[in-house]
Amino acid sequence: MKKLDELFPIGLAFHGHKCPAMPMGLRAGLAAMRTLGVERAQDKELLLESETGKGHAAACFLDGLMTATGCTYGKANVRKLYYNKLAFTLIDARTGRAVRVAVKPDFFEKALASPFVQQRKAGVPPQEIPAEIADPLVERILGLPEAEFLEVGEVRTVEVPKGKGVFEARRCAGCGELTFVNKLRVGTDGELYCIPCSGYPD
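Sequence positions in the sequence shown follow full-length UniProt numbering and run 1 to 202.
Please keep in mind that the hints were generated in silico from the structure rather than gathered at the bench. Virtual Cβ for every residue (Gly too), placed ideally from N, Cα, C. Take these hints with a grain of salt, some might be off.
Computed Cβ-Cβ distance ranges for the label pairs, DEER-style [stated by the list, open to error]: (1) Glu146 / Ile195: 38 to 44 Å; (2) Pro105 / Val158: 51 to 57 Å; (3) Gly165 / Gly123: 41 to 47 Å; (4) Glu148 / Leu178: 25 to 31 Å; (5) Arg140 / Ile195: 17 to 23 Å; (6) Gln42 / Gly143: 24 to 30 Å.
Construct all of the structure, not just a fragment, from the sequences and the given hints.
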(Lines of atoms letter the chains of each structure in order from A and count residues from 1; the text may use other names and numbers.)
(Lines give C-alpha, C1' and ligand atoms only; values in the text may rest on other atoms or scores of the structure.)
Protein backbone atom coordinates (compact mmCIF):
# COMPACT_ATOMS: atom_id res chain seq x y z
CA MET A 1 0.00 0.00 0.00
CA LYS A 2 1.28 3.48 -0.86
CA LYS A 3 2.25 5.54 2.17
CA LEU A 4 0.86 8.87 3.32
CA ASP A 5 4.07 10.78 2.56
CA GLU A 6 4.02 9.45 -1.03
CA LEU A 7 0.36 10.28 -1.61
CA PHE A 8 0.11 13.70 0.04
CA PRO A 9 2.05 15.56 -2.73
CA ILE A 10 -0.03 13.73 -5.36
CA GLY A 11 -3.24 14.71 -3.59
CA LEU A 12 -2.09 18.31 -3.25
CA ALA A 13 -1.25 18.57 -6.97
CA PHE A 14 -4.55 16.94 -7.93
CA HIS A 15 -6.65 19.00 -5.53
CA GLY A 16 -5.06 22.35 -6.34
CA HIS A 17 -4.84 24.06 -2.94
CA LYS A 18 -3.73 23.32 0.61
CA CYS A 19 -6.57 22.75 3.05
CA PRO A 20 -7.31 20.42 5.98
CA ALA A 21 -10.15 18.46 4.34
CA MET A 22 -8.14 16.85 1.51
CA PRO A 23 -5.54 15.25 3.85
CA MET A 24 -8.40 14.24 6.17
CA GLY A 25 -9.89 12.30 3.26
CA LEU A 26 -6.48 10.94 2.31
CA ARG A 27 -5.95 9.50 5.78
CA ALA A 28 -9.52 8.21 5.99
CA GLY A 29 -9.12 6.42 2.65
CA LEU A 30 -5.87 4.80 3.78
CA ALA A 31 -7.51 3.70 7.04
CA ALA A 32 -10.33 2.01 5.11
CA MET A 33 -7.89 0.28 2.76
CA ARG A 34 -5.80 -1.02 5.64
CA THR A 35 -8.94 -2.29 7.40
CA LEU A 36 -9.99 -4.22 4.29
CA GLY A 37 -6.43 -5.32 3.48
CA VAL A 38 -6.60 -3.96 -0.08
CA GLU A 39 -4.28 -2.07 -2.40
CA ARG A 40 -5.03 1.10 -4.35
CA ALA A 41 -7.42 0.46 -7.25
CA GLN A 42 -5.86 0.15 -10.70
CA ASP A 43 -9.22 -0.52 -12.32
CA LYS A 44 -12.52 -1.43 -10.62
CA GLU A 45 -11.17 -3.56 -7.76
CA LEU A 46 -12.60 -1.07 -5.24
CA LEU A 47 -15.85 0.88 -5.10
CA LEU A 48 -16.15 4.16 -3.20
CA GLU A 49 -19.50 5.47 -1.96
CA SER A 50 -18.89 8.99 -0.68
CA GLU A 51 -21.46 10.69 1.54
CA THR A 52 -20.16 14.16 0.66
CA GLY A 53 -22.35 16.53 -1.34
CA LYS A 54 -21.97 19.97 -2.86
CA GLY A 55 -22.20 23.49 -1.53
CA HIS A 56 -20.82 22.58 1.90
CA ALA A 57 -17.51 23.14 3.66
CA ALA A 58 -14.85 20.42 3.56
CA ALA A 59 -16.18 18.74 0.40
CA CYS A 60 -12.47 18.59 -0.54
CA PHE A 61 -12.49 15.42 1.60
CA LEU A 62 -13.53 13.47 -1.52
CA ASP A 63 -10.38 14.43 -3.44
CA GLY A 64 -8.34 12.92 -0.61
CA LEU A 65 -10.43 9.74 -0.74
CA MET A 66 -9.91 9.41 -4.49
CA THR A 67 -6.16 10.02 -4.17
CA ALA A 68 -5.81 7.35 -1.49
CA THR A 69 -8.06 4.65 -2.94
CA GLY A 70 -7.49 5.13 -6.67
CA CYS A 71 -11.28 5.24 -7.15
CA THR A 72 -12.16 7.90 -9.73
CA TYR A 73 -15.09 9.13 -11.78
CA GLY A 74 -13.22 8.08 -14.93
CA LYS A 75 -13.09 4.47 -13.73
CA ALA A 76 -16.78 4.74 -12.76
CA ASN A 77 -16.05 3.36 -9.30
CA VAL A 78 -17.04 6.46 -7.31
CA ARG A 79 -20.63 7.13 -6.30
CA LYS A 80 -21.54 10.39 -4.55
CA LEU A 81 -24.54 10.07 -2.24
CA TYR A 82 -25.06 13.80 -1.49
CA TYR A 83 -25.73 13.28 2.24
CA ASN A 84 -23.45 16.28 3.02
CA LYS A 85 -21.47 14.25 5.56
CA LEU A 86 -17.75 13.53 5.88
CA ALA A 87 -18.16 9.78 5.66
CA PHE A 88 -17.86 7.04 3.05
CA THR A 89 -17.98 3.31 2.47
CA LEU A 90 -15.16 1.50 0.68
CA ILE A 91 -16.04 -1.83 -0.92
CA ASP A 92 -13.73 -4.57 -2.17
CA ALA A 93 -15.55 -5.39 -5.42
CA ARG A 94 -13.99 -8.86 -5.62
CA THR A 95 -15.19 -10.08 -2.21
CA GLY A 96 -18.01 -7.71 -1.23
CA ARG A 97 -16.23 -6.83 2.02
CA ALA A 98 -16.96 -3.23 2.98
CA VAL A 99 -16.16 -0.72 5.71
CA ARG A 100 -17.69 2.66 6.53
CA VAL A 101 -15.43 5.41 7.88
CA ALA A 102 -16.63 8.77 9.25
CA VAL A 103 -14.95 11.85 10.70
CA LYS A 104 -15.77 12.02 14.41
CA PRO A 105 -18.36 14.74 15.18
CA ASP A 106 -16.36 16.37 18.01
CA PHE A 107 -13.29 16.66 15.83
CA PHE A 108 -15.27 18.00 12.87
CA GLU A 109 -17.03 20.62 15.02
CA LYS A 110 -13.65 21.91 16.18
CA ALA A 111 -12.37 21.91 12.59
CA LEU A 112 -15.35 24.02 11.49
CA ALA A 113 -14.43 26.58 14.17
CA SER A 114 -10.79 26.79 12.98
CA PRO A 115 -9.22 30.01 11.64
CA PHE A 116 -9.03 28.36 8.20
CA VAL A 117 -12.80 27.85 8.03
CA GLN A 118 -13.41 31.35 9.44
CA GLN A 119 -11.39 32.73 6.52
CA ARG A 120 -13.43 30.63 4.09
CA LYS A 121 -16.69 31.87 5.64
CA ALA A 122 -15.43 35.42 5.11
CA GLY A 123 -15.08 34.66 1.41
CA VAL A 124 -11.31 34.18 1.19
CA PRO A 125 -10.44 31.62 -1.54
CA PRO A 126 -8.58 28.63 -0.04
CA GLN A 127 -5.45 29.25 -2.11
CA GLU A 128 -5.22 32.79 -0.67
CA ILE A 129 -5.38 31.78 2.99
CA PRO A 130 -1.98 32.52 4.56
CA ALA A 131 0.37 29.58 5.07
CA GLU A 132 0.63 30.39 8.78
CA ILE A 133 -3.08 29.51 9.06
CA ALA A 134 -3.28 26.55 6.64
CA ASP A 135 0.02 24.77 7.31
CA PRO A 136 -0.37 24.02 11.05
CA LEU A 137 -3.84 22.54 10.44
CA VAL A 138 -2.63 20.35 7.59
CA GLU A 139 0.43 19.19 9.55
CA ARG A 140 -1.76 18.35 12.54
CA ILE A 141 -4.08 16.20 10.42
CA LEU A 142 -1.15 14.44 8.77
CA GLY A 143 0.33 13.53 12.17
CA LEU A 144 -2.76 12.96 14.32
CA PRO A 145 -3.51 9.40 15.54
CA GLU A 146 -6.41 8.04 13.49
CA ALA A 147 -8.48 7.20 16.55
CA GLU A 148 -8.64 10.89 17.47
CA PHE A 149 -10.55 11.92 14.36
CA LEU A 150 -11.84 8.83 12.53
CA GLU A 151 -14.58 6.36 13.34
CA VAL A 152 -13.80 3.12 11.49
CA GLY A 153 -16.76 0.74 11.40
CA GLU A 154 -16.92 -3.02 11.43
CA VAL A 155 -16.15 -4.88 8.21
CA ARG A 156 -19.35 -6.24 6.68
CA THR A 157 -20.33 -7.96 3.45
CA VAL A 158 -22.46 -6.18 0.84
CA GLU A 159 -23.83 -7.14 -2.54
CA VAL A 160 -21.64 -5.74 -5.30
CA PRO A 161 -23.53 -4.54 -8.38
CA LYS A 162 -22.43 -6.44 -11.48
CA GLY A 163 -22.13 -4.85 -14.87
CA LYS A 164 -20.01 -4.86 -18.00
CA GLY A 165 -18.66 -1.89 -19.89
CA VAL A 166 -20.40 -0.89 -23.13
CA PHE A 167 -18.18 -0.93 -26.21
CA GLU A 168 -20.72 -0.41 -29.00
CA ALA A 169 -21.32 3.18 -30.16
CA ARG A 170 -23.40 4.75 -32.94
CA ARG A 171 -23.65 8.21 -34.45
CA CYS A 172 -26.45 10.41 -33.14
CA ALA A 173 -28.91 11.28 -35.94
CA GLY A 174 -29.03 14.85 -34.64
CA CYS A 175 -25.51 16.07 -33.91
CA GLY A 176 -23.58 13.23 -35.54
CA GLU A 177 -21.47 12.59 -32.46
CA LEU A 178 -20.55 9.04 -31.54
CA THR A 179 -22.58 7.94 -28.50
CA PHE A 180 -22.46 4.66 -26.59
CA VAL A 181 -25.65 2.73 -27.29
CA ASN A 182 -26.84 2.50 -23.68
CA LYS A 183 -27.49 6.26 -23.78
CA LEU A 184 -29.08 6.53 -27.22
CA ARG A 185 -32.83 7.13 -27.45
CA VAL A 186 -35.20 6.28 -30.31
CA GLY A 187 -36.81 9.42 -31.73
CA THR A 188 -40.35 9.72 -33.16
CA ASP A 189 -38.77 9.21 -36.59
CA GLY A 190 -37.23 5.89 -35.50
CA GLU A 191 -33.68 7.29 -35.58
CA LEU A 192 -31.24 7.08 -32.67
CA TYR A 193 -30.43 10.27 -30.77
CA CYS A 194 -28.12 11.20 -27.90
CA ILE A 195 -29.76 12.51 -24.71
CA PRO A 196 -29.39 16.25 -25.51
CA CYS A 197 -30.71 15.85 -29.07
CA SER A 198 -33.54 13.49 -28.08
CA GLY A 199 -35.19 15.90 -25.68
CA TYR A 200 -35.80 12.96 -23.33
CA PRO A 201 -34.66 13.05 -19.72
CA ASP A 202 -31.55 11.06 -18.91
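Status of the hints after comparison with the structure:
no.: 1; hint: Glu146 / Ile195: 38 to 44 Å; in the structure: holds, 43 Å
no.: 2; hint: Pro105 / Val158: 51 to 57 Å; in the structure: violated, 24 Å
no.: 3; hint: Gly165 / Gly123: 41 to 47 Å; in the structure: holds, 43 Å
no.: 4; hint: Glu148 / Leu178: 25 to 31 Å; in the structure: violated, 51 Å
no.: 5; hint: Arg140 / Ile195: 17 to 23 Å; in the structure: violated, 46 Å
no.: 6; hint: Gln42 / Gly143: 24 to 30 Å; in the structure: holds, 29 Å
In the structure shown, a violation is registered for the earlier hints numbered 2, 4, 5, in ascending order.
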